[in-house]
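K.L.:
Given only the sequences and the hints, what does the whole structure look like? Please build it.
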Amino acid sequence: MKLCVLVKQVPGSESALRIASGNTWVEDAAALFEMNESDNYALEEALQIKESLGNDSEVVVVSMGPERVQKVIREALSKGADRGIHINEIPEIKSDPFATAQVFANVIKVENFDLIFSGLQSDDVGSGQTGVILGEMLGMATATLVMATEVQEGSIKVKRELESGWFQWVSMSTPASITIQSGINQPRYPSLKGIMGAKKKEMKVVDLSTAVTIEKQQSFANIYLPIADKKTEMIEGNVDQMVSRLVDVLKTEIKVL
Amino acid sequence: MDILVVLENNNGAIHRMSLEAIVAAQKLADEQNLSNAILAIGADSNALANAAAHYDTGEVLTAEHNLLSVYNSDGYAAALRQVIDQEKPSYVFFGHTYMVRDYVPKISAQLQRPFLCDVISLKTNDGLSFAKQAFNAKLAADLGVASEGTILVSFQSAAFNADLISSGSAEIREVAVELDEGMIKTTAEEPFQEEAGGVDLTAAEIIISVGRGIGKEENLPIAEALAQAIGGEISSSRPVVDSGWLPSFRQIGSSGQTVSPKLYFALGISGAIQHVVGMKGSKNIVAINKDAEAPIFELADYGVVGDLLEIVPKLTEAILAAKN
Ligand SMILES: Cc1cc2nc3c(=O)[nH]c(=O)nc-3n(C[C@H](O)[C@H](O)[C@H](O)COP(=O)(O)OP(=O)(O)OC[C@H]3O[C@@H](n4cnc5c(N)ncnc54)[C@H](O)[C@@H]3O)c2cc1C
Ligand SMILES: Nc1ncnc2c1ncn2[C@@H]1O[C@H](COP(=O)(O)O)[C@@H](O)[C@H]1O
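So the protein sequences, as listed, match chains A and B. In this text, residue positions in the first sequence follow this note's numbering: the first is 102, and each later residue adds one. In this text, residue positions in the second sequence follow this note's numbering: the first is 9, and each later residue adds one.
No lab work stands behind these hints: they were computed from the structure. Among the hints, erroneous ones may be present.
[To be verified] Quick list of in silico lysine to aspartate or glutamate cross-link-like pairs, EDC-like style, CA-CA up to 20 Å:
1. A/K331 with B/D309
2. A/K260 with B/D82
3. B/K331 with A/D341
4. A/K210 with A/E251
5. B/K298 with A/D341
6. A/K352 with B/D309
P.N.:
Written as structure tokens, this is what we have:
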């Protein structure tokens, strides 16, 4: 089986976010990048499927972005993925899931993947659309919010998360593109041996910016700090002062003590 | 047709988030003098259409087919796409539900039209524009649309208030859709609920909720001691459950429980929308977070910027002292 995982590098949850000039993205220099959370789960799921199927399966990791994204590709290779494809960033489309999927479709259609795994949502753009649009463009079956997989010859059955603790099993023939919800598995850490081995694995760099026409559909036209509409009392001072004000609030305002 | 709102079926009734989308459509129709309509797809569409006909809308459409009796993304996408082809709405509105996440991107791909998702506001001051959250709700983005034609828009839970829906009376019209089995690539089984756990968090008066900011499993007793001192239940955000530190029945949010206690302590929780929908009804929200910019402070009644590992143990001590 040929498995593809889309892995995005995004500012981590502890990262500083400074709005870059032009107000359409954040400054790269200030940010602390890591692998998008649900993509890490998607990668783990693909690796586990590969391991259960045996040696003729392959996991290919694909990421689009500037050169720094090779770091998350290497990280995936060191966990056991077989090779990587780095697609050079096309800055005008980075907040557009349709155009992003179009680029992926162009690059990977020749690979004839049986399964494409992606995260259910990126932490920066947060559209939750790329994996589904890509699957649709490649004529694949799609399923989102996947919390378990069972792979058979030529088909896959997935457990989809619905709202408020409900689930549903859905089966489909491959090829299929499925988006993975966090919590589906416990992602591994790379081993030292894996890290050493990753250096020798293939990483192809693709530049598409002039090769294909990309239809941009939407973009971040202007980003800004959200406007708060609720009045919050910020409790200030040193730790002891904050604690004593909190106890006061619990006693006299919320009345739970 | 200018605006088409697509209803979602929630156990035979109109999903609350679809009502919110109707409110958005009514507001936009009012302000810009546009026409609007409501569409019910699939099983129960007649019941849903009858309910929707009591709202202020131009007309109510139904699209039914035996291949739509159980939700499936290919069938829903194909049916809605046919309605869009026939009716040519400028905007199609949805609630940003899990189902909408599942099938609407397919329509975006097929029509090559943008799907503006999880939209938090609609601005009409200078043309029409939509905004969404970005970078995990730490920033907001006004969305630009590149070309002319139908725009698909889903609204975040509570972006509009369903109580503000205006009533009216509308005619119902059936739209024919043609589907065949070859279009449908998936087979879905009946939805099921995983067995619930030992505690009913919805009944708790006080909830101490921990997020990823707790750092590691070994730090959980810090929160448990506070819960014990104040007489509350422990709950958490999703990553804490994903990491296996707490059982899934303690998760609050769109895929967990919805609670509205008298007091909700958010410890090291950033305040992502999928968490917030599960706790925003709390009477009092106290947030402790080391990041002054964390979105949870937009929602909290009381905010403390600082390290929970330092503050919570002292707070527990002070509460125990105050009680004696
Ligand atoms: C479809 C879907 C469904 C989802 N369902 C749910 C759901 O049901 N429930 C849910 O919770 N999430 C859900 N999520 C995930 C959600 O989007 C967020 O990723 C999640 O809520 C973040 O959890 P968190 O706030 O604990 O972690 P983070 O976002 O990582 O935030 C951790 C916070 O802790 C703070 N912090 C760190 N260290 C300390 C310290 N020492 N002291 C004080 N503060 C500290 C940080 O400043 C940060 O604000 C869902 C997502 C999707 C896409
Ligand atoms: N530039 C990218 N590089 C790699 N994967 C991506 C990229 N953009 C989106 N993805 C994948 O698509 C998923 C959904 O992204 P989004 O539609 O932006 O929410 C992510 O979790 C990734 O798996």
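K.L.:
For each hint given before, does the structure comply? Return the numbers of the non-compliant ones in rising order.
P.N.:
Violated hint: only 4; rest satisfied.
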